[in-house]
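Take the given structure of chain A and dock chain B to it, following the hints.
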Amino acid sequence: MTDARALADVSPIDLEAVSSRPMAVLSVRQLMWRKFRRNRLAMFGLVVLIIMYGLAALAGFVAPYGVRQTHAEFPRTAPTVIHFVDADGKFHWQPFVYGMTRAMDPKTFTLASKEDTSARYPIQLFIHGTPYNILGVLNSDVHLFGVEAPGKLFLLGTDTTGRDLFSRILYGSQVSLTVGLFGVVLALVIGASVGIVSGYYGGWLDEIVQRIIEMTLAFPQIPLWLALATLVPPTWSSVQVYFAISIVLSVLTWGALARQVRAMVLSLKTSDFVRAASYANASPVRIMYRHLLPSTLSHILVIATLTIPSMIIGETALSFLGLGIRAPMTSWGVLLNEAQSVQVILQLPWLLSPAAFVVLTIISFNFVGDGMRDAADPFSR
Amino acid sequence: MIRYIGKRLALMVPTLILIMAVGFGIMQLPATDFVDQYVLKQAAIGNTGMMDQAKNLKAEFGLDRPAPERFVLWVSNFVKGDFGISFSDLRPVGAVIMERLPATLAVSFLAFLLSWGVGIPLGVYSATHQYSAGDIGLTIFAFVGVGMPDFLLAIVLLVVAFAATGHVFLGLSSPEFVNQPWTLAKILDFLSYAWLSVIAVAFTGTALIMRVTRNNMLEELGKNYVVTLRAKGLPERVIIWKHVFRNALHPLVSIFGQVLAFLINGFAITSIVLNLPTIQTIYLQATLRQDVFLASTILVMIAFTVVVGNLISDVLLAWIDPRIRYD
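Chain order of the listed sequences is A and B.
Mapping of the first sequence onto my numbering: residues 2 to 382, in sequence order.
Mapping of the second sequence onto my numbering: residues 202 to 528, in sequence order.
What the hints contain is simulated information worked out from the structure, not anything from laboratory work.
Don't take every hint at face value.
[Stated by the list, open to error] Chain B regions said to be covered by chain A (calculated; three or more residues, Cβ under 8 Å):
id, stretch
1, 214 to 221
2, 436 to 444
[To be verified] Listed next, the stretches of chain B that the computed footprint assigns to chain A, with coverage defined by at least 3 CB atoms under 8 Å from CB atoms of chain A:
id, stretch
3, 270 to 278
4, 340 to 350
5, 470 to 476
6, 484 to 490
7, 493 to 504
8, 507 to 517
[Claimed, not checked] Have a look at the derived ranges for each label pair, beta carbon to beta carbon:
id, chain 1, residue 1, chain 2, residue 2, range
9, A, Ala104, B, Lys387, 45 to 51 Å
10, A, Val190, B, Arg266, 37 to 43 Å
11, B, Asn248, A, Trp237, 24 to 30 Å
12, B, Pro303, A, Leu294, 33 to 39 Å
13, A, Gln70, B, Asp265, 49 to 55 Å
14, A, Trp237, B, Gly423, 39 to 45 Å
15, A, His72, B, Ala260, 35 to 41 Å
16, B, Val428, A, Arg287, 49 to 55 Å
17, A, Gly203, B, Gly335, 46 to 52 Å
18, A, Val190, B, Met502, 29 to 35 Å
19, A, Leu136, B, Leu392, 25 to 31 Å
20, A, Trp237, B, Thr366, 40 to 46 Å
No residue lacks a Cβ here, since even glycine has one placed at the ideal position from N, Cα and C.
Bound conformation, chain A alone:
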C-alpha cells in the first residue's frame, strides 16, 4: 500500500512553477497534521471522539429527559418506534411517535406497552422539557429534540425503574469518558517525570527506578484494580469515588510510560542541543523541563491516547461488578451492571446498548492513537 501511494505522490516536478511560487514552509506540527489527516481510520476515530465528547458536554441539551427522571408508568419499555407513515397510510415529512398505553397481556399476565395510534406526537426540535445545567454555567430547559408532554420518546427504551436509557447513556458518558482522562493525566505526570529524571541522571538512581518499574509491570493489572477498588469506603461521596477510581486506574500505568520516556531521554541526552544547553550552564531542571520534555511530548501523547482505552475498559469492568462508580453517579459500567443476567437481557435486550458506546469509543481511541503514532514522526514514510 505504502509503495503504491508513494509512487503516486512523486509526480514529475515542474521546476519553473516551484521556483516562481513563494516557498511554503511547513512546521513540524503542520507536517504531523498532514500525515494524520491522510489516515482515514484515524480521522474517523477523531470525528467519533469529538462527537462523543461533545455529546457528553451537552448531555443535558441532547438528552430528552433528565438523568434521574423516572417514568413510573413505563418501566421496561422497548425503544419507541419512530414512524413516518401513520395508521391511515399517510406519509409525514416530520417523524412522529404514537402515544403508549399499558395493558395487561391476557396470555402472560405481564404489563406491556402498546402503541395507541389515536394519539400522534411529532418529534420537534428545540422543545421545552426538563430543566438542566450544562457544565455548571448554563441553565436551560430547551432540548435538542423531544415530543410534547403526554407523548414519550425512549430512543433506547427504559430500564427496570422507567428511566430513559438514551438519556442515561449520555449522562453516563460524562463519567466514563473522563475518568480515564483523569487517570491518564495522573499516569502521565508521574510516568514522564520519573522517566525523564531516571533517564537524565542515569547511574544507580536509574538502576533502582528501572527495577521498581519492572516490578510494577509484573503486577497483574485487573486483579490489583479489583483489590484496590474494594478499598474505597462505602461512605464516600460520588465525587470522592470518582477520583479514587481514576487514581486506582493510574496506579500501574505510569510504569510502562516511564520506561518509554526514559528510553527516549537516553538517546536525546547525548544530542547536540542538550549538550549545548548544559555548556551554557543551564540547570538540570531547566534542561529536563525546557529541552527534554518538549522533545518527548509527541511520543508521550501517543502513549497516553493508547492507554485511555484500557482505562475505560477498567472503569466499565469495575462498575459492572459494582466496585467502581456507584449510584447515584452514572457511567456506562453502572448502566451495564443492570444487564448482568441472561434472563434480564433476553427480556430487555436494549439494556446492552451502552456496550455499543463502550466499543465504539475504545475502537476510536485505538484508531486515533495508531494515527498519532504514525504522525509523531512526520519525516518517515
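Positioned in the frame of chain A, the structure of chain B alone reads:
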C-alpha cells in the same frame, strides 16, 4: 545466555516478595479485618454472642499481632509451601486453590492454544490476501476484538447460546457433575460448557495476535528476498511458511508475555461474570471478605505466571534470533 537467565531468575525473587507485600498490605489498609466483618455480619442477623468471641477468634487467626510480624511469618511459611489458612473456609489456602486449579488451568490453556492457533493462521491469511473481502472482515473483527471488553463478549455469547439452545452455559459443567470426580463423561460435559468461556477469554488475545502477525507478514512480504524466492520459482506455500512466516515470528514471540497478561486480565472478570469455578472468582470474594492469605496467595500466583511468561518470552526470542545479545 545462562548468565542472563540466572540474572533474571535472581531478580524475580525481590519482585515476587514486593508483590506479596503489596498484596498483603492492601488487605491491611481498611480499619476492619476479617473477624470484625464477620462479627458485624453475625450481629446483623441477631447473633450478638459473637462479639465476645471476637478476641479469641483474632488470637486464633493471629490477627491480634502487628501486620509486619504476620507478613514475615506468612512469607517464611510460604517458602516452605504453607500458604496459611483461608479464614472463611477454615481450610488451608493450598487446598482451596488446588480444588480450583484444574479448571483454571484447563480454561487458560485452551484459551491460550485457541488464541495462537487461530490468530496466527488468520493473520497470515489476512496478509496474503490484503484488501480482499476476507481481510477487511478480519480487520473489522480484530478492531472489535480489541475494543470489546471480554466480559461483555461473554454476556453476548451467553445470550446468543441461550437463544440458540435454550441452555444457560454458566459455570463449567452441568449441575449434576459439579461435585463429581473427573470421569470421561465429566470431561466431555466440561468441553460442551467450556467453549463459551474459552472463546470469551481468548477473543482479545486472538485479535491482537492476528493484527501483529498481519503487520509482520506484510512487512516481510515487501522485502527483496521474497522477490528472489518468487523468481526462483518456489511454490507460494513454501515462500510463505518456510521463509516469510519464520522471519515474521520474532515480534510474535515478544508479545507472548503481553498476550498472557491479556488472558489473565480478561479471565479475571469473565470468570466472575460466568461464575466459573476458577481461582479468579474466589480471589474477588476473598478480597471483599479480607481473607488475607487466600487473596494474597492468588495474587502472587497470578503475578508469578506473568513474570515467568515474560521470562519465557525473552528467552525464546534470544533462542530463535541469535542476533539478539544480552549482557
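Problem set entry | Broken hints, by number | Structure breaks hints 2, 3, 12, 14, 15 and 19.
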